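J.: Spelled out from the first residue to the last, the chains are:
There are 2 protein chains.
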Amino acid sequence: MPPEKKRMSISVKTRVRDAEATKLRILEAAKKEFSKNGLEGARVDAIALDAKANKRMLYHYFKSKDGLFRTVLEREYLNIRTEETKLDLENLPPRAALETLVRFTWEYYIRNPEFITLVNSENLCQAVHIKNSPTLRTVSQKFIRRIQALLDRGVRENVFREGIDAAQLNITIASINYYYFTNRFTGAVIFERDFTSPEALQERITFNIETICRLVCKN
Amino acid sequence: MPPEKKRMSISVKTRVRDAEATKLRILEAAKKEFSKNGLEGARVDAIALDAKANKRMLYHYFKSKDGLFRTVLEREYLNIRTEETKLDLENLPPRAALETLVRFTWEYYIRNPEFITLVNSENLCQAVHIKNSPTLRTVSQKFIRRIQALLDRGVRENVFREGIDAAQLNITIASINYYYFTNRFTGAVIFERDFTSPEALQERITFNIETICRLVCKN
DNA sequence: TGTGTAAGTAACTACATGGTGCATTAGGCG
DNA sequence: CGCCTAATGCACCATGTAGTTACTTACACA
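In order, the protein sequences belong to chains A and L.
Residue numbers are given in full-length UniProt numbering: position 56 of the first sequence equals residue 56, and the series is strictly consecutive.
Residue numbers are given in full-length UniProt numbering: position 32 of the second sequence equals residue 32, and the series is strictly consecutive.
Just so you know, these hints were derived from the structure itself, not from any lab.
Please read these numbers as outputs of a predicted model, since none were measured by experiment.
Incorrect hints may have been included.
It does not matter which identical chain is used: a pair holds within one copy or between any two.
List of simulated lysine to aspartate or glutamate pairs, EDC-like, C-alpha gap at most 20 Å [said to hold, decoys possible]:
1. Lys65 / Glu40
2. Lys218 / Glu157
3. Lys142 / Asp165
4. Lys32 / Glu74
5. Lys142 / Glu84
6. Lys36 / Asp66
7. Lys131 / Asp194
8. Lys131 / Glu28
9. Lys218 / Glu20
10. Lys131 / Glu192
11. Lys142 / Glu74
12. Lys142 / Glu192
13. Lys86 / Asp18
14. Lys55 / Glu107
Construct all of the structure, not just a fragment, from the sequences and the given hints.
T.: Written out as structure tokens, the structure is:
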């Protein structure tokens with residue numbers, strides 16, 4: 001075998017042994033299983049099976065079930081914050097920027113339903129896994145400062161009301177979108193509607209944008 | 001023994017065997033355990049122990065772990081709806097009635113933190129336990145109609161905006177209160193605040209009332 | 001081409017779990 | 001008072017669980 005073919009096999013050819021690929025398969029499978037059944041309900045055997053990996057690998061790379069959960073969760077938080085970063089809030093008029101933010105949050109939850117149940121699991125165990133994550137702290141701070149800057153700009157341009165706290169606003173934006181999805185099953189029983197029909201989704205996002213605009217904007 | 005003493009023992013004396021009391025102790029213990037650890041995380045042995053009852057009793061009265069969870073959850077839903085019924089929304093000015101409703105929801109979650117985690121568990125398993133509960137359907141319908149009546153009255157009295165849907169409003173009121181509590185642990189990490197300090201609670205309920213009033217009221 | 005190391009596998013363990021069979025006992029009722 | 005039913009208790013089971021031990025195999029580099 002010529003040496004260049006050997007070299008290629010490192011990066012291009014489908015390798016039989018590929019640590020990174022295996023790790024990723026495990027993480028993807030874990031995300032599915034944890035979000036579907038919760039932290040306690042998730043089965044490591046099921047994760048290993050779905051990842052087409054051996055259970056031993058899972059413990060080799062992530063130490064424990066909780067270690068695996070921690071990694072999954074941190075990746076998910078990083079992912080949403082990264083996507084948020086790409087939002088062009090600074091170059092839009094304040095009101096449009098605000099609406100963009102609300103709509104992004106909404107659509108992110110639709111595209112990533114796992115995120116919500118993972119966060120729920122983490123709160124059930126009182127955030128033990130992320131409590132001491134400096135990375136998470138840093139990206140979160142950045143995000144809040146960005147929203148505060150948007151609020152300040154809106155006030156300067158005389159379109160936003162004064163004295164709104166960025167953290168409170170963030171919590172409210174998250175809540176009206178998050179709650180709708182996480183409680184859609186009990187909601188379907190109580191309100192006797194299909195929460196996921198296109199019409200229902202349309203109605204809700206419209207309502208949510210209205211809610212936030214009336215809260216933040218003048219008039 | 002005189003017969004009246006025997007009679008008394010049925011209702012007054014501490015009975016060694018008292019089905020209703022045992023049931024109640026099991027239900028209280030189950031509520032604690034299920035809300036603390038989730039449906040999958042809860043241990044029937046722990047429930048029996050805490051209830052000072054035998055595990056056999058638990059299965060005798062509630063058939064299975066899921067049967068017990070169903071009973072606990074239905075009782076909790078009935079409880080919040082019953083308390084809501086006592087709210088004097090009909091005799092207050094519309095705006096005050098709305099504020100009363102928001103404040104009640106907030107305080108109910110503070111007084112009954114278990115409710116939130118129980119509902120989260122139920123949504124994780126896609127509401128299998130309450131899906132076919134006619135009681136729950138009935139009380140929920142009543143509640144929504146009552147809010148719709150309040151909205152209508154507010155419009156007639158020219159203090160509320162037209163065209164607001166009672167279901168959407170209910171979801172929003174629940175969400176801005178519920179989310180704050182259910183996500184207070186991850187929230188503490190992300191926003192670097194104590195979500196449960198008296199000042200934080202005060203700030204949040206004020207913000208939430210403002211949010212709802214600006215959404216519903218004219219001006 | 002040979003070799004050390006890291007990737008991968010299968011079988012296993014120790015234990016905890018939800019759930020039961022069966023014997024026992026309290027107490028309301030005739 | 002004595003009987004019959006419902007409440008209770010104990011010991012047990014089958015199964016599933018997270019985590020591990022001991023081994024094999026691919027492959028990057030010399």
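J.: Decide, hint by hint, whether the structure agrees.
T.: For each hint, the structure was consulted:
no.: 1; hint: Lys65 / Glu40; result: both (10 Å within a copy, 15 Å between copies)
no.: 2; hint: Lys218 / Glu157; result: within (11 Å within a copy, 24 Å between copies)
no.: 3; hint: Lys142 / Asp165; result: within (15 Å within a copy, 36 Å between copies)
no.: 4; hint: Lys32 / Glu74; result: within (15 Å within a copy, 29 Å between copies)
no.: 5; hint: Lys142 / Glu84; result: within (11 Å within a copy, 41 Å between copies)
no.: 6; hint: Lys36 / Asp66; result: both (16 Å within a copy, 18 Å between copies)
no.: 7; hint: Lys131 / Asp194; result: between (36 Å within a copy, 13 Å between copies)
no.: 8; hint: Lys131 / Glu28; result: neither (23 Å within a copy, 30 Å between copies)
no.: 9; hint: Lys218 / Glu20; result: neither (51 Å within a copy, 57 Å between copies)
no.: 10; hint: Lys131 / Glu192; result: between (38 Å within a copy, 11 Å between copies)
no.: 11; hint: Lys142 / Glu74; result: within (16 Å within a copy, 42 Å between copies)
no.: 12; hint: Lys142 / Glu192; result: between (40 Å within a copy, 12 Å between copies)
no.: 13; hint: Lys86 / Asp18; result: neither (31 Å within a copy, 63 Å between copies)
no.: 14; hint: Lys55 / Glu107; result: neither (34 Å within a copy, 46 Å between copies)
Of the numbered hints given earlier, the model fails hints 8, 9, 13 and 14; all others are met.
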